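As given, the protein sequences belong to chains A and B, one line each in that order.
Here the numbering used here is used: the first residue of the first sequence is 85, the next is one more, and so on.
Here the numbering used here is used: the first residue of the second sequence is 56, the next is one more, and so on.
Take the hints with a grain of salt, since some may be wrong.
[As the list claims (entries may be wrong)] Here are some, though not all, of the chain B residues that point toward chain A, as calculated from beta-carbon distances under 7 Å:
(1) I70
(2) E96
(3) R114
(4) I166
(5) N168
(6) T170
Calculated from the structure, these hints are not laboratory results.
Bear in mind the structure is a predicted one, so any value in this text is a computation, not a measurement.
Backbone N, C-alpha and C define an ideal beta-carbon position, used for all residues, glycine too.
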Amino acid sequence: MTTLTPEAPRQYDARYLLIVPVIIALLLFAQYSFTGSVKQRTQALRYSLDNTYSLALELTQALGYGGLIHNFKNYLLRPAELKYLDGGLSAATRATDLVNKLEINARELGIETTLTETRAMIAGYRARLERIRPLVASGLSQMEIDDQLRLDDTFALREIRHLLDELTESVGRQVEGVDTQGVVLGLISLVGTTVLSVFILTLYIQRRNRLTHLRSVADLNARLEKSNASLSDANTSLKQFAGIVSHDLKTPLRHINLFNEQILEDIDDKELVRSHASMVQQAALRMTSMISSLLDFTKTGFTEPVREQLDIAELLEQSVSELQPMIDQTQASVTIEAAGQVYVDPQLVRRVLHNLLENSLKYVAEGDTPVISIETRPVGEQPARFMEVCISDNGIGIEPEFRKRVFEPLHRLHSKQSPYAGNGIGLSLAKTVINAHGGEIEVADSCLKGSCICFTLPCDDELEDVQGW
Amino acid sequence: MAQDNTILLVEDDDIDAMMLERSINSLRPDIKIVRAVNGREAIDLLSTVRPRIIVMDIRMPLMDGREALAHLKHDEQYQQIPIVMMTTSDNPDDIEFCYQNHANAYMSKGIDNKTIRTDIDNLLSFWFETVKVNDPER
Numbered sequence: 085m086t087t088l089t090p091e092a093p094r095q096y097d098a099r100y101l102l103i104v105p106v107i108i109a110l111l112l113f114a115q116y117s118f119t120g121s122v123k124q125r126t127q128a129l130r131y132s133l134d135n136t137y138s139l140a141l142e143l144t145q146a147l148g149y150g151g152l153i154h155n156f157k158n159y160l161l162r163p164a165e166l167k168y169l170d171g172g173l174s175a176a177t178r179a180t181d182l183v184n185k186l187e188i189n190a191r192e193l194g195i196e197t198t199l200t201e202t203r204a205m206i207a208g209y210r211a212r213l214e215r216i217r218p219l220v221a222s223g224l225s226q227m228e229i230d231d232q233l234r235l236d237d238t239f240a241l242r243e244i245r246h247l248l249d250e251l252t253e254s255v256g257r258q259v260e261g262v263d264t265q266g267v268v269l270g271l272i273s274l275v276g277t278t279v280l281s282v283f284i285l286t287l288y289i290q291r292r293n294r295l296t297h298l299r300s301v302a303d304l305n306a307r308l309e310k311s312n313a314s315l316s317d318a319n320t321s322l323k324q325f326a327g328i329v330s331h332d333l334k335t336p337l338r339h340i341n342l343f344n345e346q347i348l349e350d351i352d353d354k355e356l357v358r359s360h361a362s363m364v365q366q367a368a369l370r371m372t373s374m375i376s377s378l379l380d381f382t383k384t385g386f387t388e389p390v391r392e393q394l395d396i397a398e399l400l401e402q403s404v405s406e407l408q409p410m411i412d413q414t415q416a417s418v419t420i421e422a423a424g425q426v427y428v429d430p431q432l433v434r435r436v437l438h439n440l441l442e443n444s445l446k447y448v449a450e451g452d453t454p455v456i457s458i459e460t461r462p463v464g465e466q467p468a469r470f471m472e473v474c475i476s477d478n479g480i481g482i483e484p485e486f487r488k489r490v491f492e493p494l495h496r497l498h499s500k501q502s503p504y505a506g507n508g509i510g511l512s513l514a515k516t517v518i519n520a521h522g523g524e525i526e527v528a529d530s531c532l533k534g535s536c537i538c539f540t541l542p543c544d545d546e547l548e549d550v551q552g553w
Numbered sequence: 056m057a058q059d060n061t062i063l064l065v066e067d068d069d070i071d072a073m074m075l076e077r078s079i080n081s082l083r084p085d086i087k088i089v090r091a092v093n094g095r096e097a098i099d100l101l102s103t104v105r106p107r108i109i110v111m112d113i114r115m116p117l118m119d120g121r122e123a124l125a126h127l128k129h130d131e132q133y134q135q136i137p138i139v140m141m142t143t144s145d146n147p148d149d150i151e152f153c154y155q156n157h158a159n160a161y162m163s164k165g166i167d168n169k170t171i172r173t174d175i176d177n178l179l180s181f182w183f184e185t186v187k188v189n190d191p192e193r
């Protein structure tokens, strides 16, 4: 049978429990980084869009009345002032630069475009700037020159506005996409965290249940084994018992038969007949007493204990008081030093105590006064599972080599005609009862004089149900 | 030490012992009976007595007949002494145990005087008049 140590599963549990927060922390960290990157990307998009807007504004200025067109008009009005020509040309260069930048920005924001109208307009004005001076020299009036060189800039401006609109829309879409992505990622990681946590918790619970189950199975097995052992013990003692009973009952029966025969043989001799009849009577009495002891054994020894929580001192005092007449008669002194609770069948245990105390009162050397001391002590660490009860006396004692055998069923230490004759039931009954309670009984070695019998009784109901399985 | 006509009777019950002794005495007054009341006493007695046979009961206090039989039959000093188990038990376990441990015979105690007498007569004529016992110690 496998035995489970309770320590090992607990270590497993702790490891399992540690993994849960670690995984949750990792997932939360991942979620946090997703959110961070989404924010960054959105910001970058918005910044880039802002930048494009300011570029477009700058371009409009460079093209419009703050730049190219402004210088063109002024140069047209005052062709002698060459600064307008220079201003116009540099404005055109700046505008071309800005158009390049705008196109790059647009490309970065996802729109591939060439601002053809704008480029054409810039190129147009630049060419026209160069043509003003020859036209002025040819004597044309300013109005005529203006008419000749007029260039419609609305297409270019529309083109720029259109690009901006497109970009705004595109950026909006992208931001939305990134946001959605972020939300989806967040959701995924949240769901992941939850699922994983639930999974690990389920594993942990399953494992714990399995271990609990295993533990309870091991526990049940132990109980079953114990119960089997006690059943097989009971069976063995029952077998032994039956064999010995037949033998012990046959003997007086045979004697009755023999003496009856003798009576018939010696029928004329009154004295002999009286003596034979008295032998018959003795044998019959022995049989009667044996039968009642056997009944007692079968009733007590094979009875399921019905246990309750009891004060050991009270139980001992009751047993002693039951024997008061015998104690008075022998002038015995009995001392009890007991404290604590036991979980036992009071009837059965009282029967055991009765037998043991009776032995202590009975087996004393001639002329001695019995001195009996009963002591209890809890066994092992607190809270103790078992209580040890020791009954020591100053009697004739039990020789070391017979200390184990006195508990065998119907094992007698004294011959039938000895003053100490017993029927060998008391101690084997005590053993059967104590074992049925899960306890042990033995003749202790500690006695200097007399005998000292110690047995253990359960303090709690831990072992109950053993018989029930 | 040679006690050619001694029986060691190992029997705890006084009445049974008396009945057996009476039967033996009436049949063979020359046979000396030494009695022990349990197996241990029998073993102790064997240091001073060398009987021709041992007649032994099974159920006895302190040391029963089975234990004493096993002890004696495993002891070189005593294993040649014939041991007749005479008991009330007709338990097959007991019979098997005794023969496995080299008991020389297993008999039930008679339930009436006649049977007892017949049994003892047979026992004495067999072990004292019929068979030769290999016991160099005697």
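Each hint, compared with the structure:
1. I70: Holds, about 5 Å.
2. E96: With a closest approach of 10 Å, the B:E96 hint is violated.
3. R114: Since the shortest Cβ distance to chain A is 5 Å, the answer is holds.
4. I166: With a minimum Cβ separation of about 5 Å from chain A (threshold 7 Å), the hint on B:I166 holds.
5. N168: 5 Å, holds
6. T170: 10 Å, violated
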